[in-house]
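J.: What follows is the residue order along each chain.
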Amino acid sequence: MLTVALPKGALLEDSIRLLQSIGLDFSAFLEPSNRLLQIADPTNTAKALLVRNHDVPVYVEYGQAQLGIVGYDVLREKVPQVAHLADLGYGKCRMSVAVKKSSPYRSALELPLYGRVASKFVHCAREYFNSLDLPVEIVPLYGSVELGPITGMSEAIVDLVATGTTLRENGLIETDVLFESTARLIAHPLSYRLDTDGMHEWIEKIRAATEARV
Amino acid sequence: MVYQSPAGARDLLPLDVAQKRWIEDRLQQVFHCWGYHRIITSTLERLDTLMAGGAIQRSTVIQLQESEEEELGLRPELTASIARAAVTRMAGATLPLRLYYNANVFRRAHEGSHSRQQEFYQAGVELLGTGGLLADAEILLLLIDGLNSLGLQQWTLVLGEAGLTRSLLASFPLAVRDQVRWAIAHLDRITLETLSLTPELREQALMLLDLRGRPSDVLQKVASLKLDAYQRKALDNLKSLIELLEKSNSLPSTPHPSPSLILDLSLIRTFDYYTGIVFEVVSPSEAGLQILGQGGRYDQLLGLYHPQGQSYPGIGFSLQIEQLHQILLPTGQLPQQTPGSEWLVVPDSPQAYTAALAYAQNLRHSDSLARVELDLGGRTSAEIYDYARHRRIAQIAWVKTGEDPVIETVNHQP
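So the protein sequences, as listed, match chains Z and A.
Mapping of the first sequence onto my numbering: position 57 corresponds to residue 57, and the numbering continues sequentially without gaps.
Mapping of the second sequence onto my numbering: position 203 corresponds to residue 1203, and the numbering continues sequentially without gaps.
Pulled out of the complex, with its shape left as it was, chain Z reads as follows (with noise of 0.2 Å):
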């Protein structure tokens, strides 16, 4: 059966509503009261998996979701092995470098050398920073990024800005842009060349029903 691999959080209400359009419903994970992590659509024509933002590009890459809805920056992040198939234009946000508004700094250049940068997009960071010829140190974290500046940990942070919001009322203030990004719809490349389950048929009806939403 067709698994599609869907992100908790931020982009699980539009993807939902977008496979919702094509005729597949999983609007049963929205159900507050819903703890289960795979369902059927109600007509059982396929199965979604409800999974961690960074999980859905790993059960795409290993096949047990030939689809998967995620966003851009975790491609960029994890560069995983799937066929990248559409631009589904919501879940809008960049990735950006941010510091303290207090600090002197107002680009990444001007960052000092072997200065620290708290990011939970490690790659993302450093393939930055390097593309600069800047040295500096990444600190891996996990979440509250915004704390680095803050606490003095680190001079600078590397992390998803939607409205921009949370840095402003952090007292932080963005410098750079690394990369837009939205949701995109990935597909397991082998699945994908044989067109298991009929798979380039529910594909062009997501493209088409994202076309028409422009």
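Wrong hints could be hidden among the right ones.
Straight-line Cα separation of at most 25 Å, DMTMM-like style, residue types lysine to aspartate or glutamate; simulated pairs [unchecked claim]:
id, chain 1, residue 1, chain 2, residue 2
1, A, K1239, A, E1286
2, Z, K205, A, E1193
3, A, K1226, A, E1203
4, Z, K205, A, E1203
5, A, K1221, Z, D197
6, Z, K205, A, E1200
7, Z, K120, Z, E146
8, A, K1221, A, E1203
9, Z, K47, A, E1286
10, A, K1221, Z, E201
11, Z, K205, A, D1188
12, Z, K205, A, E1286
13, Z, K47, Z, E146
14, Z, K92, A, D1178
15, Z, K78, A, E1193
16, Z, K205, A, D1217
17, A, K1221, Z, E204
18, A, K1221, Z, D195
19, Z, K92, A, D1188
20, Z, K78, A, D1188
21, Z, K78, A, D1178
22, A, K1239, Z, D195
23, A, K1020, A, D1145
24, Z, K101, Z, E180
Hints listed in this document are in silico derivations from the structure and should not be mistaken for laboratory results.
Go by the hints and put chain A onto chain Z.
T.: Using the frame of chain Z, we list chain A on its own:
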């Protein structure tokens, strides 16, 4: 202290070996039937030999510290070694060379990889010195024959033509060609949609990305493109090859859930290693779809190893023994236990040792396939019966001095 095996290493115990041999023996039988001869090359190669073809990155090779002028690595595949070994002997040899191998290969797990396994086993063939349609057909039919000899039920052959696809990519401006090729090889449609391309070129790139499916449909689609003489010839060859395959009736007949042959012209690499057909064998397993083997034509490769740069056509494939093992295990075809011995020879006292040794040797000579074990003493007869039952030994010969051995058939019924 406890001595551990290195991370990523694995020991094969007798039952694993029996199962692995079951697979390898069948493949080897088929390779022999097609007139292929085994070649054994060095496990260690110079790094430049391994990397000459462009398909192997330094980072994937497990390197060894040797002398300063020679960088050495454990072979990650066999084709480079065989090409190196063959070219020097090709000048005087009668062509083609039909070679097969059954060997271990080593790969360093790349960054971000979830698998830590470093040593793998491969069986494969190389057909060197003659190109053309029939050589392509021979390799594919040999591959199919090999898979059929293993009783594999469900698998799909994904077939591409690297030369044709590369030639179709030549219509893209140099500035973006590599990016387009990378995106097609990695099935990255989003990059193709956002690259700066004219509408016609974008359409062509997107068409190439999805140029796969039933062979007749794909061939028709390609035929409708504007093709030059080279592309037309490649297409004709491909058409003839597919006809030969389909008429051979050797493709799996129960193709559910996927067709047994998919023509996929997006099946390319980002480096110029393959020059003609390329292919992968894909099979469903409990863990999802798996690649069991792959191969292709490499008509430029041998020239890289030839002292005068003279090249010869070459084509081959390799099968992944671990993957085959994993897929065949649930089918119950592989041996479920190591073979038991036919005989247990038990001397009843030290005085009977000479007679027991002679009797055991006699048994071994009389039937070359008989497995004859010697009881090494220190067991009561009840323990000996237990042992025989446990090891599925058919007969016990009790040897006493000066008497004929007493032969007893072991009752294996519980």
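J.: Each hint: holds or not?
T.: Outcome of the hint check:
no.: 1; hint: A:K1239 x A:E1286; verdict: 34 Å, violated
no.: 2; hint: Z:K205 x A:E1193; verdict: 18 Å, holds
no.: 3; hint: A:K1226 x A:E1203; verdict: 14 Å, holds
no.: 4; hint: Z:K205 x A:E1203; verdict: 19 Å, holds
no.: 5; hint: A:K1221 x Z:D197; verdict: 24 Å, holds
no.: 6; hint: Z:K205 x A:E1200; verdict: 24 Å, holds
no.: 7; hint: Z:K120 x Z:E146; verdict: 11 Å, holds
no.: 8; hint: A:K1221 x A:E1203; verdict: 14 Å, holds
no.: 9; hint: Z:K47 x A:E1286; verdict: 17 Å, holds
no.: 10; hint: A:K1221 x Z:E201; verdict: 19 Å, holds
no.: 11; hint: Z:K205 x A:D1188; verdict: 18 Å, holds
no.: 12; hint: Z:K205 x A:E1286; verdict: 28 Å, violated
no.: 13; hint: Z:K47 x Z:E146; verdict: 37 Å, violated
no.: 14; hint: Z:K92 x A:D1178; verdict: 29 Å, violated
no.: 15; hint: Z:K78 x A:E1193; verdict: 22 Å, holds
no.: 16; hint: Z:K205 x A:D1217; verdict: 22 Å, holds
no.: 17; hint: A:K1221 x Z:E204; verdict: 19 Å, holds
no.: 18; hint: A:K1221 x Z:D195; verdict: 18 Å, holds
no.: 19; hint: Z:K92 x A:D1188; verdict: 20 Å, holds
no.: 20; hint: Z:K78 x A:D1188; verdict: 15 Å, holds
no.: 21; hint: Z:K78 x A:D1178; verdict: 23 Å, holds
no.: 22; hint: A:K1239 x Z:D195; verdict: 22 Å, holds
no.: 23; hint: A:K1020 x A:D1145; verdict: 18 Å, holds
no.: 24; hint: Z:K101 x Z:E180; verdict: 22 Å, holds
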